[in-house]
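Residue numbers (the numbering used here), protein chains in the order written: chain A, 105 to 811; chain B, 391 to 728; chain C, 22 to 357.
Hints in this document: simulated from the structure, not taken from any laboratory. Honestly, I wouldn't trust all of these hints.
[Stated by the list, open to error] Rough simulated footprint, nothing fancy, chain B against chain A, three-plus residues with beta-carbon under 8 Å:
(1) 154–163
(2) 483–489
[To be verified] Derived DEER-like restraints, expressed as beta-carbon distance ranges:
(3) A340(C) with D609(A): 24 to 34 Å
(4) F281(A) with N520(B): 14 to 24 Å
(5) D691(B) with L311(A): 38 to 48 Å
Note that the coordinates shown come from a computational prediction; the quantities given were computed from them, not determined experimentally. Yeah, the Cβ is synthetic: ideal placement off N, Cα and C, and Gly gets one too.
Residue-level listing of the chains:
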Amino acid sequence: MALSESLARLRYKYIPDHLIGEILSKRWADNLVPLLFLLLTVAGLGSFIPNFFTIQSLSDASRQLGEFSIVVIGLTIVMLGGGIDLSVGAIFGLTAFAAVSVVYIFAMPIWLAFLAAVGVGALAGAFNGFLIGYLRLRAFLTTLVTFIILRAIFDILVVDHAAEIQLSDVSSPTWDFIGDGTILNLPVSFVAAIVVAIIAHIFLTRLRPGWHILAVGGSRRSAYNAGIAVRRTIFMSYVISGVCCGIAGFLIAARLSGVGPGTGAGLEIMALTAAVVGGNSLGGGRGSIAKGLMGAVVVLVLTNGLIRLGFNSGANQMVLGVVLALAVILDVRWLKNRHKMLAKVYVAPIYAKMDASRSAAPDSGSPYALNDRLANTEFIGLGELEGPEDVILDNDDHLYCGTRHGDVVRYFAPDYKRHEVFAHTGGFPLGLAFDRDGALKVCVGAMGLYSITPDKEVSRLSAETNRSRLSVIDDARLRDPNDCDIAPDGRIFFTDSTTRYDAHDWALDSIEARPTGRILCYDPRTGKTRTVLDRLTYANGVCMAHDGQSFFFAESWACRVSRYWFDGPKAGTVEIVIKDMPGYPDNINRASDGRYWMAWLGMRTPSFDIALRKPGMRRRMTRRLPQDDWLFPNINQGGVVKFDENGEISDVLGNLGGLSHPMVTSMREHKGYLYVGGILNNRIGRYKLDGADPAWTSNRSYWGAKS
Amino acid sequence: MAKWKTLAAAAGVLILGAVPALGREDPGPAAYKQALDGKTVILVPMAMGEDLAQGWAHYIGTAVKEAGGKFEVRDPNWNTEAGAQAITDAIGSKPAAIVVQTPDLQSYSKLYKRAQQAGIFVIQVDNPSNYASDAFVGSNWETLGELETKAVIAGCGPNSSKKIGLIQGDQVNASSLDQYKGVQNVLKDHPDFQIVAAPDSNWDATTARNVAATLIQQHPDVCGIVDFWDQTAQGTAAAIRAAGKTGKIFLATTGGGEAADCKLLESGTIDALVATDVPNQSRDVSTLIKFLLQSGLKPGDAKTWLYTPEKITTKADLKPGTCWSIEENKAAEAAAAK
Amino acid sequence: MPSGGSLTQDPCMNIRSHIRQETVVLLLAVAIFIASSIFLNGFIEASNIVTLVRGVALLGILAIGMGIVVIGRGIDLSVVSILAISVACMLQLLNMSYSLPSALAITLAGVIVMGGINGFLVAYAEVPAIFATLASGTFVYGIGRSQWLSGDVVYMPDNQTGFMAMGELKFLGIPAEIYFFLGIAFLAFLALRFTRPGRFIYFMGDNFAAARNMGIPVRPVIVLQYIVSALIAFVAGVIMAASLHSMNTRIVNSTLLYDIILVVVIGGIGLSGGKGGIRNVIVGTLLIGILLNAMTILDIPDLYQKLIKASFLLVALIADGFINPRDEQTDQAGDI
């Protein structure tokens, strides 16, 4: 191996390129931009300002941050619902006045002040919500007007009652504690903000009304058509914002022990800036509490930091303006280009060297030598079927297969002319297997493992497995369940071909050649699924060996078949049975003579083999060329191979030119015939096997004569 | 009582400091040097854009620096919350004293208490608050209102229509409310003068112009207008100009006494100015700081009020030096920096 | 903003409904006018009417600029900042003994750049107009105030007598400001009605995606829109300074911006764009003018004036909501 190739191998083995794409594909990656802003701001200002990171300074800062973030949380929720609330500053002031007047004028208990503040906030929010939600006025204008109205009311109240508040001699330790006290060294308002943030986060991400707000913000019309009470949801979002302002107003009232004409002035612009700098999009649907909080920190740190550095009036606004513009531009660009960028960087090929295989050329004399026997099949469902990946027959000889449309279709014996939709799964049904009771187990692409009883009842068996600790993408989810088979005790072993791509993007996985496939085991006794084997190169077909203690499995892009023992003395071991085949293996099934059938979905080509040794070239290819020009594995020519437990090839069926069955993804022997399916084919082939046991069926082989 | 004592003490200290030491170990220079040496004074005005704030920053800053102290300014730019945070931060950095222009009666009271508890002297300037900190230095807004009204009454003269108008600031800030009280006080002694209208300018010159225009249009015989701030007086003056009543309507206002105010007087834009004596007011502040730091008093021990003497200035009184100048101060600072 | 498809309502209904709102506002204005004439002494006098119009002329000029942007389905929150900072800088330059033409040229260039930046952010960076102009407005104020100006207020130098005299200029007893207002209104009317970009602005406001698809150079037109808005703000600022002989940048903190938007909206230019015209701005301006003048004559304190004004607007908004109800099926995402 040349040095450069060794280097390439090491480089692509140890540098985890794929993580970039995986991180970008996470929803929380949206937070990266605001987080970057946050870190830059804090680090930048922190290094300039002496004593910035002292406990005292942080504690002082967090006290104000507490109140501010609560307001931002409320505004964030409104914005997520597709609205905007410019009246937060006015509501904030009004609620602070309510709290102060309860404490100082009426000399009532503190909890009543809290209720008064929250109540006034809720009422003001409800006013906004009624106008915008029920009367469907425009949020921007309406809250602008309510801002002016509420602010005027606040100013009038302050003028009329300031004297009474000042002259009051009420003092309350609770009140002072809320204003100045700490809990676990954290200011009360900061703790309150954390509590509010957690509640709001749970509300938005885990509770139905929160989801409704996101749905309305995401698409008002769809939400309406889906039956969500759009008006009530919008109303609620403003009430929540009002309540948040109420809590914050109560806290500032306690901190400053009073209110003045300046209380809450300009807060709406600051809060709006914070929400946007955090990355919450105007118009709703996209954003989170965490983003709002990050924005709040950035804005406050900037504002206070610049004042502390002794900058002129206006320096603040100058920097804030730039930050706001940059944040929004970044956010807009991010949103617009994320998918493009993701598409570019997600495919991260690795180095893979395929060893030389024996030829499959028709006259090569090798055991793999292809022939044209599959050209002589009868066609079932020609032109009616789309994508019968797997085929299976029941005890009454009816034929089942999946289709691209998400159906499991049943063709009726004996002539297989009539058919019906046996069941609808919604995903793409791939691998099929009958269990002891005649229920059909189906691997549904992008969905999971399903069971269909003979009464056509569909139920989900498994949609997730255990999450591995270090995986960035959620590998608990089943992305590409491909084939399944059932052990004598009822456990279902099935493959999940890749954790990085959805089922329809299998070709991208072939270009990447990264071993992320898995074999999972569903145990009907516990109902749990766990991962048995992982790091497989596109785990595909799986088939119980005749011993009932092991199964064969195929790894397509490695052109390899291995055997795994799950029971018996060799339990837990894997042995390679066939390697370096000239074709890409797909499903494996039992044959009547104690051997096994294996489908080849395509044939290896020297060009793609070389390409696998050039990961850099493959990456450039995916980034620079349109998909039509990519180098893919050859899938225009497949076949069926019969092998025994020692890996000896005893038979090959091919279709030269691929007019009948270009791509073969499955085959099933049944009463002397071989039924051939292909995921891109529009037919099922029925091939008469010479000398095969005319009574043998797969079901009998698995479950005995009685079934 | 305490107040008088401290004032007496302050006077004492000042006098002692002034008496030359004759052949004995004079502790004065050392004590004076120690008072501010290496200590910090922080000024938190409502906004540095104001002429007043720039005046304080210059005069107090110069005095503090001359005495060996450090002087810092935090600029909340009219934002009360930012101001509160600036004070909180200032408390964290433990200066010897903070000088604050309170935006309203209530908002910062609690912070003053906290600052004092942290061992920091709190001196409030210009606007009163309901918390008596170590000292208040500023104008008595009621007096300002009285002086303005007196100027207008004098300007109108006994043979005029005796109708005057007010252009108030707003109905929220103490500075506006107290001036109004001052106006009423004077009018009690002059029952023949009457206020025909008292609209608010909301501290905005354009609004002032519009309301003044309406006022003049509705009451063409008005003989004088009391405006509550030199900034809004620009608008009021524009309305008077537009009505062709320059010289016929006597306009009095208050201001920071910066050079621009003198120009307004000179050009006849305004007829009388009740100016805040910023240099002397600043001197009061810096003297108080020096006193407090030498006195051995702890923050909160003493409470002092110093009202800056104000007087009416008219065009006739103008002479070089009547107004102080930001430009000159800047030049002086630049020269000092060299 | 400029993204996504949109459903247009039946154009006939559109026209009918906007006439209705305008009519409501006009009737309201007339009603208040008549009531004030009867109950308020000196209201109906010619000189008061002039005072009344003059009082809102500046607001009206600014509302024309805002109206043009809003018709194109944008919004410009930076006008007050541009107004204050550009004129303050110009005065500062004059104070530094620049000649009036050179100061004017420098500031004008700056204003065009700022408008261009607004337009660029909205059109090319595709930032929602609210945020783009909020950011640029904040920035303009910030950089002007902190880097170029030493105080909140900049006075006009004494030698600019011609400039100062412009503030008192009268023609047939009517102050120049009113002519400026009417002149700018007429120009804007011509531009919107008879020029290509003017018609494009309507198309873009009505259905942005369709306008782009039919080949209208949407991006340059957006940039033009914001440059015009900035220029109008500058003109308003110059008029303001000519009258007040100074510029106070604190005006940025006032509610002037909100008043401008409210004038535009109350006159019947919907924030969703494509509707209304200069006539609506004039109607809105007059209503506000009559209201303010009457309240000032009544000596109502500013706080209560705000309350009354805002309540009027709320009533107008609610009435609009009933006349032109929004529907979940036709609402556009991001249209707030």
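Here is how each hint holds up against the structure:
Coverage of a stretch by a chain is defined here by at least three residues with a beta carbon nearer than 8 Å to that chain's beta carbons; for the region 154–163 of chain A and chain B the count is 5, and the condition holds. A stretch counts as covered by a chain when three or more of its residues have a beta carbon under 8 Å from one of that chain; for the region 483–489 of chain A and chain B the count is 0, and the coverage is violated. Look at A340(C) against D609(A): about 54 Å separates their beta carbons, and that is not inside 24 to 34 Å. One distance hint, 14 to 24 Å for the beta-carbon pair F281(A) and N520(B), holds here, with the actual separation near 22 Å.
The given range of 38 to 48 Å is broken by D691(B) and L311(A), whose C-beta atoms sit roughly 56 Å from each other.
Hints 2, 3 and 5 from the list above are not met by this structure, while the remaining hints are.
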